[in-house]
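Given chain A's structure and the hints, the job is docking chain B onto it.
So the protein sequences, as listed, match chains A and B.
According to this note's numbering, the first sequence holds residues 1 to 209 in order.
According to this note's numbering, the second sequence holds residues 1 to 209 in order.
Hints listed in this document are in silico derivations from the structure and should not be mistaken for laboratory results.
Don't take each hint at face value.
If you only want the chain B side, here are some residues facing chain A, beta carbon under 7 Å, derived [said to hold, decoys possible]:
#1 Leu7
#2 Cys8
#3 Arg79
#4 Gly165
#5 Arg188
Covered, in the sense of this in silico footprint (three residues per stretch, anywhere, with C-beta under 8 Å from a C-beta of chain A), are these stretches of chain B [stated by the list, open to error]:
#6 14-20
#7 142-155
Glycine included, each C-beta is placed from N, C-alpha and C at the ideal position.
Number of protein chains: 2
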Amino acid sequence: MSPYDYLCDPAAIGRRSFEIIRTECDFSRLTPVLASVAERVVHASGMPDVVSDLRFSPGAAEAGREALLSGAAIVADVRMVAAGVTRSLLPAGNEVLVALDACPPGEALSGTRSAAGMERLSGRIGGAVIAIGNAPTALFRLLEMVAAGAPKPALVLGFPVGFVGAAESKEALVANGLGIPYVALSGRRGGSAMAAAAVNALALGRNAP
Amino acid sequence: MSPYDYLCDPAAIGRRSFEIIRTECDFSRLTPVLASVAERVVHASGMPDVVSDLRFSPGAAEAGREALLSGAAIVADVRMVAAGVTRSLLPAGNEVLVALDACPPGEALSGTRSAAGMERLSGRIGGAVIAIGNAPTALFRLLEMVAAGAPKPALVLGFPVGFVGAAESKEALVANGLGIPYVALSGRRGGSAMAAAAVNALALGRNAP
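Bound-form chain A, shown alone (with noise of 0.2 Å):
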């Protein structure tokens, strides 16, 4: 007998997040696609207010599933988004790449190493999902490398964290003059976890769970 009283079905748990979590907040003027990514991120964060932090451009979410279906990248900037990406969902077998990896430790670099593993990937990324959770210097990177003519993205999930550069970079990413479709999370708030939850919304392409 556990001394404690408690879900332990993964079903239920699951059946039962959703529940409260569409109890909570309002998806209404999210489009299908967009509001499982929206409940996907609270879900993921365990705060229902992030829903009102989200900024979108117009057809931005469907755009992302479209290209997973096709069979699009996923560029993810750190290990941690990878690993939260949720390889059964993906439609495709689609390839899951992290920036970070592309510029391995111990080289002299001018900036950071994650932004400097986006600039390598630079082939990988016209087309691609790209997943930002942690490093607001790779999101920067992106969009200069866009900006200096490199191919677009299907879409930034931009979802860097911290105190120095992460609002500044989606606002920078919201503002953007390029075509870049976008999903992200303003202000200080974001993280891996979000920026995973994003991708296996997009890979599963309906209402969790």
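Leaving out everything else, chain B in the frame of chain A:
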């Protein structure tokens, strides 16, 4: 020329981040080791107000630090936590185990895979630093195991996140009459990034960066 003006030197970004955090947060009620955990949790989440939701038993952070110095294993509930642990900070090449990986998918289980995985690691939790960043059921199962006589971990970092069981499992951890040292974030908030940040702070053993 970049159209964006932002800090891109990693050392400068780190310094400025922790300067802002120390301006916005009050760590004065915390011991030095616990303060370093708290500031890294704030850093990982972008949320200064998590400090007031931290719960801890006296000496818990110090016990975790000492365990890592002595070579204790780290047991994470999920791969995202393990992916966030900076191996180069670990003071004794500490092993990092993942509960979910101890229970391969596909088996018929009565509960969650993370809880079953925690149970399969029962021989490894005595003296270990347990880092829960996702699954309330893994934390509940751990408490049940110790209540049933399993050896106590050196420290439990309780950061499960979400709407079903997260707050409750952390309440149970804080209320544990088993003598299990803990650092936990009360409420629905939490996550793999915070759990990994807490491990990294203990491994570093002093203020960042």
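Tested hints:
1. Taking 7 Å as the C-beta cut-off, the interface hint given for Leu7 (chain B) holds, the closest approach to chain A being about 6 Å.
2. For Cys8 (chain B), the interface hint holds, the least distance from its beta-carbon to any beta-carbon of chain A being 4 Å, beneath 7 Å.
3. Using the Cβ-Cβ criterion of 7 Å, the hint placing Arg79 (chain B) at the interface with chain A is satisfied: the shortest such distance is roughly 4 Å.
4. Hint on Gly165 (chain B) holds. Least Cβ distance to chain A is approximately 5 Å, under the 7 Å limit.
5. A least Cβ separation of about 4 Å between Arg188 (chain B) and chain A falls short of the 7 Å threshold, and the interface hint therefore holds.
6. Coverage of a stretch by a chain is defined here by at least three residues with a beta carbon nearer than 8 Å to that chain's beta carbons; for the segment 14-20 of chain B and chain A the count is 3, and the condition holds.
7. Look at the segment 142-155 of chain B against chain A: 3 of its residues bring a Cβ nearer than 8 Å to a Cβ of that chain, three or more, so the hint holds.
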